[in-house]
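Chemist: Protein sequence lines correspond, in order, to chains A and B.
For reference, each letter of the first sequence is one residue, going 83 to 198 in my numbering.
For reference, each letter of the second sequence is one residue, going 749 to 858 in my numbering.
Honestly, I wouldn't trust all of these hints.
[Claimed, not checked] Heads up, simulated DSSO-like pairs for lysine-lysine below, C-alpha to C-alpha not over 30 Å straight-line:
{"hint": "1", "chain 1": "B", "residue 1": "Lys-785", "chain 2": "A", "residue 2": "Lys-123"}
{"hint": "2", "chain 1": "B", "residue 1": "Lys-857", "chain 2": "A", "residue 2": "Lys-148"}
{"hint": "3", "chain 1": "A", "residue 1": "Lys-123", "chain 2": "B", "residue 2": "Lys-806"}
{"hint": "4", "chain 1": "B", "residue 1": "Lys-790", "chain 2": "A", "residue 2": "Lys-148"}
{"hint": "5", "chain 1": "A", "residue 1": "Lys-102", "chain 2": "B", "residue 2": "Lys-785"}
{"hint": "6", "chain 1": "A", "residue 1": "Lys-102", "chain 2": "B", "residue 2": "Lys-819"}
{"hint": "7", "chain 1": "B", "residue 1": "Lys-790", "chain 2": "A", "residue 2": "Lys-123"}
{"hint": "8", "chain 1": "A", "residue 1": "Lys-102", "chain 2": "B", "residue 2": "Lys-845"}
{"hint": "9", "chain 1": "B", "residue 1": "Lys-845", "chain 2": "A", "residue 2": "Lys-123"}
{"hint": "10", "chain 1": "B", "residue 1": "Lys-853", "chain 2": "A", "residue 2": "Lys-123"}
{"hint": "11", "chain 1": "B", "residue 1": "Lys-857", "chain 2": "B", "residue 2": "Lys-790"}
{"hint": "12", "chain 1": "A", "residue 1": "Lys-146", "chain 2": "B", "residue 2": "Lys-790"}
{"hint": "13", "chain 1": "A", "residue 1": "Lys-137", "chain 2": "B", "residue 2": "Lys-806"}
{"hint": "14", "chain 1": "B", "residue 1": "Lys-857", "chain 2": "A", "residue 2": "Lys-96"}
{"hint": "15", "chain 1": "B", "residue 1": "Lys-845", "chain 2": "A", "residue 2": "Lys-137"}
{"hint": "16", "chain 1": "A", "residue 1": "Lys-137", "chain 2": "B", "residue 2": "Lys-816"}
{"hint": "17", "chain 1": "A", "residue 1": "Lys-123", "chain 2": "B", "residue 2": "Lys-819"}
{"hint": "18", "chain 1": "B", "residue 1": "Lys-857", "chain 2": "B", "residue 2": "Lys-816"}
{"hint": "19", "chain 1": "A", "residue 1": "Lys-146", "chain 2": "B", "residue 2": "Lys-805"}
{"hint": "20", "chain 1": "A", "residue 1": "Lys-96", "chain 2": "B", "residue 2": "Lys-819"}
{"hint": "21", "chain 1": "A", "residue 1": "Lys-123", "chain 2": "B", "residue 2": "Lys-805"}
Worth flagging that the hints you see were computed from the coordinates, not collected in a lab.
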Amino acid sequence: GAVVSQHPSWVICKSGTSVKIECRSLDFQATTMFWYRQFPKQSLMLMATSNEGSKATYEQGVEKDKFLINHASLTLSTLTVTSAHPEDSSFYICSARDRGSPYEQYFGPGTRLTVT
Amino acid sequence: GENVEQHPSTLSVQEGDSAVIKCTYSDSASNYFPWYKQELGKRPQLIIDIRSNVGEKKDQRIAVTLNKTAKHFSLHITETQPEDSAVYFCAASIFNKFYFGSGTKLNVKP
Chain A
83 GAVVSQHPSW VICKSGTSVK IECRSLDFQA TTMFWYRQFP KQSLMLMATS
133 NEGSKATYEQ GVEKDKFLIN HASLTLSTLT VTSAHPEDSS FYICSARDRG
183 SPYEQYFGPG TRLTVT
Chain B
749 GENVEQHPST LSVQEGDSAV IKCTYSDSAS NYFPWYKQEL GKRPQLIIDI
799 RSNVGEKKDQ RIAVTLNKTA KHFSLHITET QPEDSAVYFC AASIFNKFYF
849 GSGTKLNVKP
C-alpha cells in the first residue's frame, strides 16, 4: 500500500515553455501533498505544501507564479513550471500524506526536468 | 522554516563496522524525525523514524536516538554491508512539513 506515482518520469523542454508534472496517490487519499526539488548531489528542498481544495502554500524564496500547484482531488496534485529556464532543470519529487497517518509521507519516484 | 544540519557529508567504513550519522535541528516544535536512504535517481526510502516522545528506536541493524533537549538525533547502522552504500538523509517534521538535512554519502568497502 501507500504508493505514489509521478508522471512523466523525465521530460526535456525548451526555454520559455511550460511543463506539467503530475503526482498521484494510487491506493490512499492524500489530504496533503508536498513538492520538493533536488539538485544533483544535494538535499531535497521543500517548495510548497498542497492541500486538497485550497491554495498551495509556498516556502520562502519559491516563486508561486513560476511554480503553479493545483491539488484538485484527494489523489492528484500537479506542478506546472511556467516559462521554464535552464536553471529550473532539476529533479522534482512529490510526496503525499495519508489522511490516516499523522506523520509519514510517501514519496513519488521523481521527475527529471531538463530545460534546454 | 526549520533548519536541519547533517554530518558528516561523506562517510567511508569497512564492511562490518558501524556507521553513525548525526543531525541537529533548530525548532523545538519539530515532533517527528525520519531517516531516508536514497539511491541515485530514485525516491527516498524510509528506513527508520522516531517521534518526539521517544528517545531511542531500533530495527535490526539500524537504530535512531533523539535528544530533544540538545535538539539532535543520530542514525546508527551496525554490521554494515556493501548494500548499505547510498546517500542518507535525516529530516525534521514541523506542522507536517519535512525539512531535510544535506545528506551523507555512505560508502561501505567490502
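Chemist: Decide, hint by hint, whether the structure agrees.
Modeler: For each hint, the structure was consulted:
Distance check on the hinted pair: Lys-785/B and Lys-123/A sit about 13 Å apart at the alpha-carbon level, within 30 Å; holds. Simply put, Lys-857/B and Lys-148/A have alpha-carbon atoms about 44 Å apart, too far for the 30 Å limit, and the pair is violated. Between Lys-123/A and Lys-806/B, the direct Cα distance comes to roughly 28 Å. Compliance with the 30 Å bound is thereby established for this hinted pair. Taking the CA atoms of Lys-790/B and Lys-148/A, the gap is near 25 Å; set against the 30 Å cutoff, the hint holds.
Under the criterion of a C-alpha separation no larger than 30 Å, the hint pairing Lys-102/A with Lys-785/B is consistent with the structure, at around 27 Å. At most 30 Å may separate the alpha-carbon atoms for a hinted pair to count; Lys-102/A and Lys-819/B exceed this at roughly 39 Å. For the hint linking Lys-790/B to Lys-123/A, the alpha-carbon distance of about 12 Å falls within 30 Å, and the restraint holds. Taken as a hint, the Lys-102/A and Lys-845/B pair is honoured in the structure, with Cα atoms around 23 Å apart against an allowance of 30 Å.
Proximity of Lys-845/B to Lys-123/A is assessed by CA-CA distance (about 22 Å); at most 30 Å being required, the pair is judged to hold. Restraint check: the Cα-Cα separation between Lys-853/B and Lys-123/A comes to about 9 Å, which is no more than 30 Å; the hinted pair holds. Simply put, Lys-857/B and Lys-790/B have alpha-carbon atoms about 22 Å apart, close enough for the 30 Å limit, and the pair holds. With a C-alpha separation of about 26 Å, the suggested pairing of Lys-146/A with Lys-790/B holds against the 30 Å cut-off.
Between Lys-137/A and Lys-806/B the CA atoms are separated by roughly 39 Å; this puts the pair beyond 30 Å, and the hint is violated. Distance restraint check for Lys-857/B and Lys-96/A: the Cα-Cα separation of roughly 42 Å exceeds the 30 Å cut-off, and the hinted pair is therefore not satisfied. The straight-line distance between the Cα atoms of Lys-845/B and Lys-137/A is roughly 16 Å, inside the 30 Å bound, and the hint therefore holds. Of the pairs offered as hints, the one joining Lys-137/A and Lys-816/B is violated, with about 33 Å between alpha carbons and a cut-off of 30 Å exceeded.
This hinted pair checks out: Lys-123/A and Lys-819/B have alpha carbons roughly 26 Å apart, not beyond 30 Å. Restraint check for Lys-857/B and Lys-816/B: the C-alpha separation of about 33 Å exceeds 30 Å, so the hint is violated. With a C-alpha separation of about 39 Å, the suggested pair Lys-146/A and Lys-805/B falls outside the 30 Å cut-off, and the hint is violated. Restraint check: the Cα-Cα separation between Lys-96/A and Lys-819/B comes to about 45 Å, which exceeds 30 Å; the hinted pair is violated.
The suggested pairing of Lys-123/A with Lys-805/B holds, with an alpha-carbon distance near 28 Å, which does not exceed 30 Å.
Of the numbered hints listed earlier, those contradicted by the structure are 2, 6, 13, 14, 16, 18, 19 and 20.
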